[in-house]
Amino acid sequence: MVKEIFSGNTLALLGGVLSAIIAGLGSAKAVRMVGSTAAGIMNEKPELFGKMVILQALPGTQGIYGLLVWFFVMNFAGFFNGTANLSIYQGLLYFLACIPMAVVGYLSATHQAKVACDGAVMVSKNPGEQSKAIILAAMVETYAIFALLVSVLSIIMISNLA
Amino acid sequence: MSIVKMKKLKLVLAQEDQIDLLNYLQERGLAHIEDNGDLDEILQELRISPVYDHDRIALQDNKAYVSRMGVLRKPHRSGESALYSEAALEDLIQQSLTWQQRITEVLKVLKPYDETKKPLFTVKRETSLQDRYMEEEDQLKLLTLVEDIEGNQVDHRQALEEEARLMGQLHAIEDWKDLALPEMLDKTNYHSTFGYFGSRDEYEQFFVAVAEADVPLAGEICFEQEGNLAVTLVWPFHSDAEAKDLINRSHLIRFPATNKWEEIGDFRKSYKVIQSRIQAVQDKAEWTEKEFKNYADHIPVLQLLYDVLEADIAKLRAILNLTQTRHLTILTCYVPAHLTGELKERIESCFNALVLAEDPVKGEDLPPTLLDNHSLNQPIESTILTFSPPHYYEDTDPTWVMMWTYAFFFGSMLSDVGYGLLLVIGTLLGLYKFKAEGNLKSMLQVFMVGGLFSIGFGILYGSFFGGVLGTMSHDAFDLPVLWFNPMDKPIDLMAWSMVFGVFHLFLAMGIDVYNKFRKGNHYDALFVVAPWYLIIGGIILMLIGVSWAKYVSIAGAAVLILMSVRSKNPFKRILGGLLNLYDVTSWLSDILSYTRILALTLATSVIAMVVNLMADMIGLKGPQAIFTILVLIAGHALNLALSTLSAYVHSTRLHYVEFFGKFYEGGGRNYTPLQLDGLYTKVTDNADSVLTKDKDKVKAEASSRVLS
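Just so you know, the protein sequences line up as chains A and B, in that order.
If you count by our numbering, then the first sequence holds residues 752 to 913, one letter each, in order.
If you count by our numbering, then the second sequence holds residues 2 to 709, one letter each, in order.
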């Protein structure tokens, strides 16, 4: 039993799950931040709901990227088809591959939320500037995308090692 | 596919023609009016006779043309001019803006009462030109209507507040309303009071004190609530002072009387009085609601008034830019060059005016930027203008390239036949059924073309709703993969993403080379920009294993190092060249940035796959098939929304940052001609008059009232 717990499978799953949890937490916090700002703005201007929802949705993507990394771990480590039998070393590699998405996902979501909040204030004063607010916030997401690529490509390459 | 050439027009016209000309220009919607600058300079520049110079007047705060409501009166009529001082004009603009704000508020109030069928997207109502020259009398009537609606709103709010207040009072005496005592008090000479003791102990202590003082005072517990004891106390007139003294020293919290019936202790009557008052305010609230419903019929004409004021404000701002003497008005504007001849002819034949058309001078004038593109390419113009309008002299219009590269990258990120189809159908509905207008229309058109590209990529990748057919049929059938499956070969897709990126950047550089040639800057085009084709092209060929390609890169780098800086000092030349070569790092980051295509493609397809797997777990057999279908619909709808947003955001970013970074100057000025189209209405030749319709409605209502 102890041997099974401290196995490569556990480490790989831990990596995937952590990336979903940490990036998801980041997105949850970020979406909450933009949501609160948007709610404050909509007190005065309820007609801006459509524009605010888009800004609020932006930092939610990192959570999805976290989920993607979990999915890739499950798929390439063989959890889905029941063939997962990883050595501690392999499991550790998978675990390490998940770290970029977990850490960068959390931080980029919260930082993106700050830009999106400021963007929401900008849109409340000038609704025509929505696309600018979206693009400014999207700039921050670039690094989450790179982290996703690092994690996903690493997972694929690790699976080829076996 | 170009920036429209502009001519600078200087119009010198008789003062009495001023408003007629502005009206004409506003109807044509062609002239981007500019500030004339200093009066002396312009008179000198145009060599205007000193006779007129003597004629210069002191513009006064003449408000003769302003009605009680602050509406422009005479300038609407021909043969008039607006000889206002700047301050007076600013004041007029401010008043019109205030009215617009009030109309907006009133329209917001009326919106819930509007029972007409509303389209999905806001569509501008068509109005006749005649409506836009609304008579002063009609304007004043409508402004009075705005005041009436505001008054009704105040009444409505007050009634609701009063109702809430009275309901509070009613609730407070709810428990006292059946008190038997008041009937007795009516016929006797007793005093009474009502209130609360904090506890039964306090009540008993009070009566111990009453007994000790020997005061004839009776008490009755009405009810008990959360430990508080509501009591009524009665005493005869003759022991009033002693009783009040005892009460004041006790813990009794007296009940605050809200009307005279409560003061004398008759809660039953008081309850009835409050109830009747509530009924009255409810009736009033109902009546004001009914009034709102009636006022809602006037929404179209109020929107028209808003736009009439908008046109007035535009005209007043134009007047602020004019130069005026007692007899002359001088106006400067930019007009598309190909329309100048016709416009000049019309103005000179219809007005006492002289029109001087000249080419704008680089360095002195910066004409506004108007883009002219084929209708297929036009939709992306708004995305370019949002970033920054192209510079009139420095830029080449990138619309024709960007429309297709944008749609290509959008499609490459969404890359699913099913999602592409839904997007195309949705945007077609928006465009042709719901008749979207303006920027929304452009956006839908871009998404539609992006959707078509998405279908194309989906066919290449064999992706239909993330492989729903294969998952649900357990691989019995699925779309064939014509190119490769991104999930199986992500590295291939990453390489292709960067190849797409290199082509995109080469295209941008091509525009830069063309632009530099166009401006006569052949040297920079050949020795600063073009060597990058060799450097980057060579590196890519090297990566795919072409051995001689390194010489191509080296040749490009050598040209850049030796030729890109024009200096006779060889040290400076080579150092500058090396610094330019350092730009290779920005190329690297730009190309890497395109790998987001892989990330977003994977995101779209993996989420779709997860949805399909969830649906497959529930299965299609038996009644649970309904849940399966619901999961599929909700999951794919959510994925489509999120993936479309991502594809839009990141295609825009790839263009704003990477693509524009290679050639685009921006910093142009938007072309904003004096024109009539407003926020709610647009002028068309054969539209019915909104104003006449409204008047007919008012008449019909009045006659039906008389009849009834």
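Derived from the structure by calculation, the hints contain no laboratory data.
Just so we're clear, the structure is a prediction, and the values are computed from it rather than from any experiment.
Note that beta-carbon positions come from the ideal geometry of N, C-alpha and C, so glycine has one too.
The reader is advised that the hints may include incorrect statements.
As the list claims (entries may be wrong) - Label pairs and their calculated CB-CB ranges: (1) R166/B / N794/A: 39 to 49 Å; (2) A477/B / L887/A: 20 to 30 Å; (3) F831/A / G439/B: 27 to 37 Å; (4) N794/A / Q131/B: 35 to 45 Å; (5) N687/B / N794/A: 15 to 25 Å; (6) N794/A / A210/B: 30 to 40 Å; (7) S376/B / N877/A: 44 to 54 Å; (8) N877/A / L527/B: 51 to 61 Å; (9) G791/A / L470/B: 27 to 37 Å; (10) G791/A / T123/B: 32 to 42 Å.
As the list claims (entries may be wrong) - Far from chain B, by Cβ distances over 12 Å, these chain A residues were calculated: (11) S758; (12) L776; (13) G786; (14) V804; (15) V820; (16) T834; (17) A888; (18) T893; (19) I896; (20) L899; (21) M908.
Said to hold, decoys possible - Using 25 Å as the maximum straight-line C-alpha spacing, the simulated SDA-like pairs for lysine to any residue come out as follows: (22) K285/B / R166/B; (23) K663/B / L461/B; (24) K865/A / A642/B; (25) K119/B / N760/A; (26) K291/B / L576/B; (27) K294/B / E798/A; (28) K796/A / G521/B.
Hints versus structure:
no.	hint	in the structure
1	R166/B / N794/A: 39 to 49 Å	24 Å, violated
2	A477/B / L887/A: 20 to 30 Å	48 Å, violated
3	F831/A / G439/B: 27 to 37 Å	48 Å, violated
4	N794/A / Q131/B: 35 to 45 Å	41 Å, holds
5	N687/B / N794/A: 15 to 25 Å	44 Å, violated
6	N794/A / A210/B: 30 to 40 Å	54 Å, violated
7	S376/B / N877/A: 44 to 54 Å	29 Å, violated
8	N877/A / L527/B: 51 to 61 Å	43 Å, violated
9	G791/A / L470/B: 27 to 37 Å	46 Å, violated
10	G791/A / T123/B: 32 to 42 Å	25 Å, violated
11	S758	25 Å, holds
12	L776	19 Å, holds
13	G786	16 Å, holds
14	V804	10 Å, violated
15	V820	10 Å, violated
16	T834	17 Å, holds
17	A888	8 Å, violated
18	T893	7 Å, violated
19	I896	5 Å, violated
20	L899	5 Å, violated
21	M908	9 Å, violated
22	K285/B / R166/B	15 Å, holds
23	K663/B / L461/B	30 Å, violated
24	K865/A / A642/B	23 Å, holds
25	K119/B / N760/A	58 Å, violated
26	K291/B / L576/B	81 Å, violated
27	K294/B / E798/A	21 Å, holds
28	K796/A / G521/B	51 Å, violated
The structure fails to meet hints 1, 2, 3, 5, 6, 7, 8, 9, 10, 14, 15, 17, 18, 19, 20, 21, 23, 25, 26, 28 from the earlier list, while all remaining hints are met.
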